[in-house]
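Letter by letter, the chains look like this.
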Amino acid sequence: MENNKQKALRKLMAARFALHDAELYLDSHPDCQEGLRYFRAKREQAEKLRNEYETEFGSLTSRCTKADERWEWVCGAFPWERGES
Amino acid sequence: MFQYEKVLQYPVNIKNPNPALAKVIISQLGGPDGEVGAAMRYLNQRYAAPCREVQAILTDIGTEELGHMEMVAAILYQLTRNLSVSEIKESGFDAYFVDHTTGIYPAAASGPAFTADYLQSTGDPLADMHEDLAAEQKARLTYDNILRLVDDPDVRDPIKFLREREIVHYQRFGEGLRKIQDMLDSKNFYAFNPSFDKQKPKRK
Numbered sequence: 001m002e003n004n005k006q007k008a009l010r011k012l013m014a015a016r017f018a019l020h021d022a023e024l025y026l027d028s029h030p031d032c033q034e035g036l037r038y039f040r041a042k043r044e045q046a047e048k049l050r051n052e053y054e055t056e057f058g059s060l061t062s063r064c065t066k067a068d069e070r071w072e073w074v075c076g077a078f079p080w081e082r083g084e085s
Numbered sequence: 001m002f003q004y005e006k007v008l009q010y011p012v013n014i015k016n017p018n019p020a021l022a023k024v025i026i027s028q029l030g031g032p033d034g035e036v037g038a039a040m041r042y043l044n045q046r047y048a049a050p051c052r053e054v055q056a057i058l059t060d061i062g063t064e065e066l067g068h069m070e071m072v073a074a075i076l077y078q079l080t081r082n083l084s085v086s087e088i089k090e091s092g093f094d095a096y097f098v099d100h101t102t103g104i105y106p107a108a109a110s111g112p113a114f115t116a117d118y119l120q121s122t123g124d125p126l127a128d129m130h131e132d133l134a135a136e137q138k139a140r141l142t143y144d145n146i147l148r149l150v151d152d153p154d155v156r157d158p159i160k161f162l163r164e165r166e167i168v169h170y171q172r173f174g175e176g177l178r179k180i181q182d183m184l185d186s187k188n189f190y191a192f193n194p195s196f197d198k199q200k201p202k203r204k
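Those sequence lines, one after another, are chains Z and X.
What the first sequence shows, in the numbering used here, is residues 1 to 85, in sequence order.
What the second sequence shows, in the numbering used here, is residues 1 to 204, in sequence order.
This is chain Z alone, in the form it adopts within the complex (with noise of 0.2 angstroms):
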């Protein structure tokens, strides 16, 4: 059974994979205007699923963590471990 984090972590990935491909699309397709819509909506959403996904469970980069009181860098676990993907 997924949890909540891994559930939210399926559709970010999802969606970012959406835009990875895009990305690649318009690196040799750079002035198709339907590439480039569909690149900017799946932009939007995977910057919204980012930021609730980071909110609730922590960041995905070390630029981004909150930095307060502990490096949460070294708190959370590594992708590679069972159940982190």
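One or more hints might be untrue.
As the list claims (entries may be wrong) - Below 27 angstroms or equal to it, Euclidean Cα-Cα: the simulated BS3-like pairs (lysine-lysine) are: (1) Z:LYS42 - X:LYS6; (2) X:LYS15 - Z:LYS66; (3) X:LYS6 - Z:LYS66.
Unchecked claim - Which residues of chain X face chain Z? A few of them, derived with a C-beta cut under 10 angstroms, are: (4) PRO50; (5) CYS51; (6) GLU53.
Simulated from the structure, these hints should not be mistaken for laboratory data.
For glycine and all other residues, C-beta sits at the position ideal for the given N, C-alpha and C.
Start from chain Z and add chain X according to the hints.
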């Protein structure tokens, strides 16, 4: 997951192409103590790290090494632009040129192509950490040797930056080693790693 940022970690702006310098600096791309090996070493070793701090050190330094790979490549790229045939012949760059033109290929200054034989990933965090400390010292001394051979300040400046990063990484790996040693039994005078022999039974 890795994401690319369109910025070098430190500026590389070389006014005068000089293929003779590229011939020696290429070792810090694909040589025995170069940046390709460094990135591959740390990013592959991190799965055996026993705590989050060391996992983070290997991840973050390994990622920085990818950035150094790019900086060394940028130096090589700028040193070998707009070359004439006579410049290629006179500088001794012809041996590289015949195989790669001015493409960036990870090889040692002494000739051999990059190989994973330059690095280890032992599965033993103590052995890995000692390898990493040695690797940073060896990379530092290679940059020292490059600085002995290079006069151009445009080239020396980013090389000096890269040399300093080796020293900082050595410090961080020293702290990583200390962290792992602190996790060992206090009676373990010889600092070997018993974790492999004392694994918890595998989950069914």
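Each hint, compared with the structure:
1. The straight-line distance between the Cα atoms of Z:LYS42 and X:LYS6 is roughly 21 angstroms, inside the 27 angstroms bound, and the hint therefore holds.
2. The suggested pairing of X:LYS15 with Z:LYS66 is violated, with an alpha-carbon distance near 42 angstroms, which exceeds 27 angstroms.
3. A threshold of 27 angstroms between alpha carbons decides the hint, and for X:LYS6 with Z:LYS66 the separation of about 25 angstroms falls inside it, so the pair holds.
4. At about 12 angstroms, the closest approach between the beta carbon of X:PRO50 and any beta carbon in chain Z exceeds 10 angstroms, and the interface hint on this residue is violated.
5. At a threshold of 10 angstroms, the smallest CB-CB gap from X:CYS51 to chain Z is about 8 angstroms, leaving the interface hint in force.
6. Here the hint on X:GLU53 is kept, as its CB sits about 5 angstroms from the closest CB of chain Z, short of 10 angstroms.
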